[in-house]
Each structure stands twice: as C-alpha cells, then as structure tokens.
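First to last, the protein sequences are chains A and B. Everything in the first sequence is counted per this note's numbering, starting at 1 for the first residue and increasing by one. Everything in the second sequence is counted per this note's numbering, starting at 1001 for the first residue and increasing by one.
Source of the hints: derived by calculation from the structure; they are not laboratory data. A few of these clues could be false.
Cβ-Cβ distance ranges computed for the label pairs, FRET-style [as the list claims (entries may be wrong)]:
1) Gly286/A x Lys1068/B: 20 to 26 Å
2) Leu1088/B x Leu122/A: 36 to 42 Å
3) Leu1140/B x Ser297/A: 51 to 57 Å
4) Val63/A x Ile1101/B: 35 to 41 Å
5) Leu349/A x Leu1088/B: 40 to 46 Å
6) Ala153/A x Ile1049/B: 51 to 57 Å
Which residues of chain B face chain A? A partial, calculated answer using Cβ under 7 Å [what the hints assert, rightly or not]:
7) Gln1039
8) Ala1043
9) Gly1045
10) Leu1051
11) Arg1059
12) Ile1061
13) Arg1127
14) Pro1171
15) Leu1173
16) Lys1176
Predicted model only: the values in this text are computed from it and were never measured. No residue lacks a Cβ here, since even glycine has one placed at the ideal position from N, Cα and C.
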Amino acid sequence: MVKLVLLLLLTGANSKLSVKARDVPDDGGGRTQIIVKLDNSLIGDIMRITRIEDNGVKKDIYVGEVKDTVIRLGDRELSDTMPVRYYVLVNTKTGKFVTQTVSNSVIPKASLFNKKKLFLLLLAIFYIAILLSYMSKAQKGQELYLRPIAGLAEVDNAIGRATEMGRPILYSTGLLGVTDVSTIAALNILAYITKKVAAYETRIIVPVYDPIVYTVAREVVKDAYTAAGRPDLFKSEDVFFLTQRQFAYAAGVSGIMVREKTATNFFMGYFFAESLILAETGAATGAIQIAGTDAISQLPFFVTACDYTLMGEELYAAGAYLAKDPRLTATIKGQDVMKAVLVGFLLLLTIAAFVPSLSAKVDAIKPYVVGK
Amino acid sequence: MFFSRTLPMILVFVMGVIGASLYFIPHPSAQALENTLSQWSIAIGSFAIFLAITSLIRRYITNIKRGKEVVYNLVALISLFGMALLGLINGTGPDSVFQKIFINVQVPLDATMFSLLGFYVTSAAYRAFRARNVEATLLLLTAILVILGISTIGDSQTWLRDLQEWIMNVPNLAQKRGITIGVGLGMIATSVKIILGIERNWMGG
C-alpha cells in the first residue's frame, strides 16, 4: 500500500477527482474531515474511501454511489499521534476501474483552546470586569440604585408573621445537588433567613433532598445561629436529610407543612414536577409562601400558588439584596448593565439578519456567538 | 480558622478557576480532569450519605422519645432498617423480596403522588385564569387557544394548530430565552462572588 501511495503521489493531480484531508479544528483530537471533489462524469459510479494509517493499517470508511460533485465526510476515533491518508477509488457499478487518488497526510491533533469559544471568553471577561468595576465603586461608598424586588421585601414580614403566630418556618433548598449554582444561591438565602430567625427566636425546619446539600445546609444554619449570637437555639434535628426520591420528598415536605402548621414556607432552588404539590399544599395550609427558582418550566406553578416568586436571576440576586453588603449588591447593578449590553447586541444581530447583504455574515459568526 | 475559612476559600478559588477553564479546553487531558473531579464529587457524596442517614434516624428517634407522631416515625424507621436488611440478606436482584417491595409499594406510592398533580394543575389553572384584569384576560384567552390547538380540535382546524405552535414557538420561547439569559448572568455573578470569596454565606456567613 505504501508503494501505491507513493505511486499516486508521483502520478500528480487527477483532473476528475481530488481529495483533501484536514484535522478538525478546536476539538478533543482524533477527528479528521475529508473533502472529495468529483467530476460530473463520475456521478452514478461507486466510490470507496479507505483510511491508511502510517503504520499500514487500512480501513474502508465509505463505500457508496456518487450522487454529488462534492462530498464531505468525517472520520473519528483516530490516534492523536498517527498520521493518516485517505485513498479514494472510483469504479463503475460493474466494477470497472475509473479513477483513483490519495489525500495529503494529516495528524488529528487535540486543541488546547477552542477558538469558537473565544468570543464567549471575551464576553465573560468583559462581564466580570463590569462586576468588579461596580464592586469597586460600591466599596468606595458610591450609592447604587437597585430596582425593588417585591418577594425580597416581604421576607422580613414573612419571618415576622411566623414569629407572631408562634409557628415554624419551612425552608426547602430544591432538588439539585450542591454543584448547582441555584442550590448555592438557596443556601446563601438560608444563611440570611436563619440569622433573622435566630434574632426572633423562631423555629426553622429544613428538610433536604441531597446528602451533600444536607451537610452544607446543617453547617450554614449552625454557623448562622452562632453569628447571630444564639448558638443555643440551633436544633440539629430541624435540619435533616429527608429522602432522595422526588415524590417521596414532596410527600414528606407536604406532611411536615400540614402537621407542623408552618406559617411561612420558602422554596428556593431548582424544582421539578413536585413544585406544584409543595406550593399547593402550603397554600392549602394558609402559609405565606415565597418561592425562588430558575426552573423556567416550574415558574408558572410557583407564580400561581405562592404569594411571591423570585423569577430566574432574582434567585441569584436575593442573597446579595438580603445581605445588604454593598459589594454584593453592586453585582446586581453589573448584571443589569450586562443585560442591557446583551439586549443591544441581540437587537443588532436581529436587524442584521433581516438585511439580505448581512444575513450571510450573521450566519458565519453564529458558531462563534454560540460557541459551537 | 484556617481549616474552617481560609482553606475552603483557597480550594474554592482554585477549583472554580480550573472548572471555568475546562469549558474552553477541548483537550482530552482536560476532559479526563473533569471526569476525575466528578468522581471526587461522587466519593464525597458517598461519605455524606452516612451523615444524612444518621440525621434522619436521629430525627425519628427524637420524635419517638418526645411522643410526637410516634406511628409515622416508627413506620419510617422500620421501613428504613427493614429494607436495608432485606437488601443485605436477600440481595437486590430482579426476583428479590427487596425489588418486589420496591416495585409494589414504592413505585405505586410515587405514582400516587405524581397523579395528584392533575388535580393541583386544575386548581392552579382555575386561579391563574380568572379574568380579573386585562393581563389575566389575555392569559385566559391565550390559554384557551393553546388548549384548543393542542387538543384533537387542532387536527381538523389547522389554523388553530398553527396559531398554537406560533404562540409556543415565538412569544413563549422569547420570554423563556429572556429568563434563561438572566439566569446565566446571575449564575456567573454568583460564581464570581463565591470564587473571589466575596460571598461567604454558603460557609455560614
């Protein structure tokens, strides 16, 4: 086969058939792309493409009828160190030889950086710079206006209501693990609420779905009681792991709401189908309910059944709002500025997509905008 | 102080930066590192399950001692230990007693809870669609069109099906994407605050 490759290379250019092989850029390696260009006269013939590795190993990767003059194929699961060539043979349907050629040699290398994600990286750096800039302004004492969020303004009232009624508060951190950012946001809010609860000497019940979240939630509640100067009020049995089955969790939390007659329920984090079961049960018990989730499909249920709902990003902003730390609240301002930038960018792209001379360019930059 | 505050913050910073970088590196070694980190997470999770089960047992026992919901707590405790013992003695294979109890008790219970959603959705829809003001009336009309379009009426009335698909694919999808963009920005901001150690409430404040 090596002789054949050499022969074909010496033969020179084939006017009816050409093949180019290239490494697929910005990937994890092991992939090549083959572009075969054929003459019109070859349509209807049978083409066979054979991969030839430098060590002599051969494998047919395509056998089929020629239906187009340009054929693009991908080859995968190749070695990152082994150069490969592609031998293309075209025969008639009766098996009579027509033409053949061989591609350039290519090594399917792994990339260290995905250039398609460069725009996203620059955008992320720009966003982080905005966040840091607002944090710096806030640290210097500059006043920043923040739009009010009704659900957060009511948190203190909801805790106060439970205190006045002498009933406990229920707090759920959702159904995802601690690696999910919404769960971390929920834990941040839990810390603030626990400090308030400690000051009012109200009981807080935290049934947790995930074992790791349980260990973190327990420490958050314990430390918050200590920070509030009331470590004596911390009851370890009130922060507990309930179950890791979705509907068993819904049944368990619903049961707690009914039996303990909780005055206030907080549902913060990521929820699935159980969201409506929890919120409707809480509504039936007459509790004031504040929910916060970034699960878009569950938002309508919370909006309907809860008194206040933090939608999407408001869940992430909640911890900063409640903590009243200028550096944290400054990030909310940064988020709003970045949103305005993105809205402007999307508007520009939308307008450009409607302009015939620009629409092709919008399509060309699309992979860089979405990073794929 | 070092082990409870400084070290976790250093670890969060290092792992946070590594985790963010991995998104931009397609190299197999980066992917291997990501897999290793995921395995660490699973290993930590298996330790946490012991603490979690202990907390559950402690809660049940405390409730029984206080005479609070004794029957419920006893049932939960007996079920917990009973199933664990059955699994250890008899195994958890397809024909085991453990599987039979799981399929004939746990699965129907799950299905029962899930079926409650049908009633809750109806009750929630009734409250959401009450035409109290202009917005609620618009919501009601849109809901009627979507329900009719997605039901069998939509099969014969293609304009209704097209309208329903347009509502779902254009205005509905646009607002979903709007929320998704906000969520993405919120996630990045929260992650930056945690990685830089500005947000520390997850450590208790």
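> Against chain A, is Gln1039/B within 7 Å by beta-carbon distance?
Replying inline: Violated, because the Cβ-Cβ distance from Gln1039/B to chain A comes to roughly 13 Å (cut-off 7 Å).
>> Against the range 51 to 57 Å, how does the distance between the Cβ atoms of Leu1140/B and Ser297/A compare: consistent or not?
In response: 20 Å, violated
> Was the hint right that Gly1045/B lines chain A, CB cutoff 7 Å?
Replying inline: Gly1045/B check passes; min Cβ-Cβ to chain A is 5 Å, inside 7 Å.
> Is it true that Gly286/A and Lys1068/B lie within 20 to 26 Å of each other by Cβ?
Replying inline: 22 Å, holds
> Should the interface hint for Pro1171/B be scored as holding, given a Cβ-Cβ cut-off of 7 Å against chain A?
Replying inline: This interface hint is violated because 14 Å lies over the 7 Å limit.
> Would the hint on Lys1176/B stand, with a C-beta cut-off of 7 Å toward chain A?
Replying inline: 5 Å, holds
> When you take the CB atoms of Leu349/A and Leu1088/B, is the distance between them in 40 to 46 Å?
Replying inline: 60 Å, violated
>> Given a cut of 7 Å on the nearest C-beta pair, is the interface hint for Leu1051/B held or broken against chain A?
In response: Holds - the Cβ of Leu1051/B comes within 7 Å of chain A, reaching about 5 Å at its closest.
> Does the interface hint hold: is Leu1173/B within less than 7 Å of chain A, judged Cβ to Cβ?
Replying inline: 10 Å, violated
> Does Ala1043/B pass the interface hint, meaning its C-beta sits closer than 7 Å to a C-beta of chain A?
Replying inline: 11 Å, violated
> Per the CB criterion, is Ile1061/B less than 7 Å away from chain A?
Replying inline: 9 Å, violated
> For the pair Val63/A and Ile1101/B, does the Cβ-Cβ distance stay inside 35 to 41 Å?
Replying inline: For Ile1101/B against Val63/A, whose Cβ atoms are near 54 Å apart, the range 35 to 41 Å is violated.
In summary, the numbered hints that this structure violates are 2, 3, 4, 5, 6, 7, 8, 12, 14, 15.
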